[in-house]
Amino acid sequence: MNKKFVKTKNVKEFVGFMEELKFLPPNIPKIALVYGDYGLGKSETIKWWTFKNDCIYVRATKGMSVRWLLSEIAEELGEEPYWHSQETFNMIENKLRQNPKTIIIDEVDYLVNNNVIEILRDLHDRSGCPMVLVGMANIDKKLSKYPHLKDRIYKAYKFESYDSQDIKQIISELSEIPITPDGLEYLATRQNQFRQIVKLINKIEKMAKTNEIKELNEEILRSILGERQNITALQTARQIYA
Amino acid sequence: MKDRILQLCKRLDKFTLDEIVTISEIPANKLLPILNELIVENKLYLENNVYYFKKKQNIFNQYPIFKYYPKTTIDILLRCFCESVVTTKVSHILSIGEPQVQKFYTIFRTIIYNWQKKLLDNFYSNDPQNARHRVFFDKEVYLYFYDGQVFISKNLLRSKKDKTLTGQDKADFTTIYCYISRNLTHNQNVHNLELKIAEIIWRKGKDFKSMYADLYNLIN
Chain Y
691 MNKKFVKTKN VKEFVGFMEE LKFLPPNIPK IALVYGDYGL GKSETIKWWT
741 FKNDCIYVRA TKGMSVRWLL SEIAEELGEE PYWHSQETFN MIENKLRQNP
791 KTIIIDEVDY LVNNNVIEIL RDLHDRSGCP MVLVGMANID KKLSKYPHLK
841 DRIYKAYKFE SYDSQDIKQI ISELSEIPIT PDGLEYLATR QNQFRQIVKL
891 INKIEKMAKT NEIKELNEEI LRSILGERQN ITALQTARQI YA
Chain U
304 MKDRILQLCK RLDKFTLDEI VTISEIPANK LLPILNELIV ENKLYLENNV
354 YYFKKKQNIF NQYPIFKYYP KTTIDILLRC FCESVVTTKV SHILSIGEPQ
404 VQKFYTIFRT IIYNWQKKLL DNFYSNDPQN ARHRVFFDKE VYLYFYDGQV
454 FISKNLLRSK KDKTLTGQDK ADFTTIYCYI SRNLTHNQNV HNLELKIAEI
504 IWRKGKDFKS MYADLYNLIN
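These protein sequence lines are chains Y and U, in that order. Here the working numbering is used: the first residue of the first sequence is 691, the next is one more, and so on. Here the working numbering is used: the first residue of the second sequence is 304, the next is one more, and so on.
In isolation and in its complexed conformation, chain Y is listed as follows (with noise of 0.2 Å):
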């Protein structure tokens, strides 16, 4: 399999409405809403954007403090966390006020629960800087107890699905073997989330290596996918047997 980062709709998408997030003016607020269902690649784009771009990234956890929030935020900025939360916070907002950076919160349904989002609502006004929030897909519901929150946030950008032009653009960059447009849109009506779609082409990928197939269509891709050809065969001989 091609070691590649696909550029799907919904990456083009995010860097565009991250480029916006960014050029704000000062006077309105700065944080985003990343949302979506799993297998859309939500968390790998992130992870790609953040190592092209200067920014604090942090992925919170099930059970997470706002003292421990704050001690990866201070991590992220090279500083040594203080044992109390408050001058914690002064030093990441004097840093961020020094040097404004993006800030990513990755899993925000694990602050949801335990009013810790509320700091990051305080760091938010305090610094000015831009702030994304990533969550799953009915984080904007689990975001509503927060009116205060969700009036500060600029925009939502949702991660759709994958449309078949998705799925092929996935399939045809990864696949280290050729696939006819036909054997393409096959596959495009087989999956779609991220993960299956890659589980499917290491199949596909396997299977043609050890056949030593050179091109995939249609009919090889259903029989290694393990699918009847020809169902009225099959009903015919049904018949006989009956």
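Because the hints were derived from the structure by calculation, they are not lab data. Here the structure is a predicted model, which means the values were calculated and not measured. One or more of the hints may lead you astray.
Stated by the list, open to error - Subject to a maximum C-alpha distance of 20 Å in a straight line, what follows is the list of computed EDC-like cross-link-like pairs (lysine to aspartate or glutamate): (1) U:Lys-358 x Y:Glu-762; (2) U:Lys-370 x Y:Glu-762; (3) U:Lys-346 x Y:Glu-762; (4) U:Lys-317 x Y:Glu-766; (5) U:Lys-374 x Y:Glu-770; (6) Y:Lys-693 x U:Glu-322; (7) Y:Lys-697 x U:Asp-316; (8) U:Lys-359 x Y:Glu-762; (9) U:Lys-374 x Y:Glu-766; (10) U:Lys-374 x Y:Glu-762; (11) U:Lys-313 x Y:Glu-866; (12) U:Lys-370 x Y:Glu-769; (13) Y:Lys-742 x U:Asp-321; (14) Y:Lys-889 x U:Glu-322; (15) U:Lys-313 x Y:Glu-797; (16) U:Lys-358 x Y:Glu-769; (17) U:Lys-359 x Y:Glu-770; (18) U:Lys-357 x Y:Glu-762; (19) Y:Lys-694 x U:Glu-328; (20) U:Lys-317 x Y:Glu-762; (21) Y:Lys-693 x U:Asp-321; (22) U:Lys-374 x Y:Glu-769; (23) U:Lys-313 x Y:Glu-765; (24) Y:Lys-694 x U:Glu-322; (25) U:Lys-357 x Y:Glu-769; (26) U:Lys-370 x Y:Glu-766; (27) U:Lys-305 x Y:Asp-744; (28) U:Lys-313 x Y:Glu-762; (29) Y:Lys-697 x U:Glu-328; (30) Y:Lys-791 x Y:Glu-765; (31) Y:Lys-693 x U:Glu-328; (32) U:Lys-359 x Y:Glu-766; (33) U:Lys-305 x Y:Glu-765; (34) U:Lys-346 x Y:Glu-766; (35) U:Lys-313 x Y:Glu-769; (36) U:Lys-346 x Y:Glu-770; (37) Y:Lys-752 x U:Asp-316; (38) U:Lys-358 x Y:Glu-770; (39) U:Lys-357 x Y:Glu-766.
Place chain U on chain Y using the hints.
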């Protein structure tokens, strides 16, 4: 580039070469030498073709007292320790309690002791040597002499291959031992004796700058 890759490793936490190549979009042949360097520097480790990021275990995590004071206070404490300023004066200068200053001083001494003990263990495992038993304030300590330097251990290191010192080494050891004895005369050194001896050995022949640089590097 290396720093950015290390940061990406931290963010990925656990990853394969393929994963990091995909996300960083840097070819594997360029990325591998950097990852190997990070493994040598003990920042990553590789197991079953999976790279793991190693969270740094620094002094700040080991001694939480560091987290209570700003960096500037710790820096002044460090400088005062290197200049042998007594704890009462430091507590007045920094407006912090004397017990806290004493705690910091003990931590600095412990760091020095552990550092020299690590060196000693390394020397001893390569070339075992008979310990020089010495008694200070009715307390026995074990001294070793390697590479023109004296090392201290509160526990006796023993091996069947222990060698005795040569004549020249014995003379050099005696010189340093006399220096330690002169510096240990006051009975206030009874407490944490081995740490104080380690400190005395560490201070020998050093100016402020090298002491400060030494300790700064040990802490950070």
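(request) Find the hints from earlier in the document that the structure breaks and name them by number, from lowest to highest. (result) The structure breaks hints 7 and 11; every other hint is satisfied.
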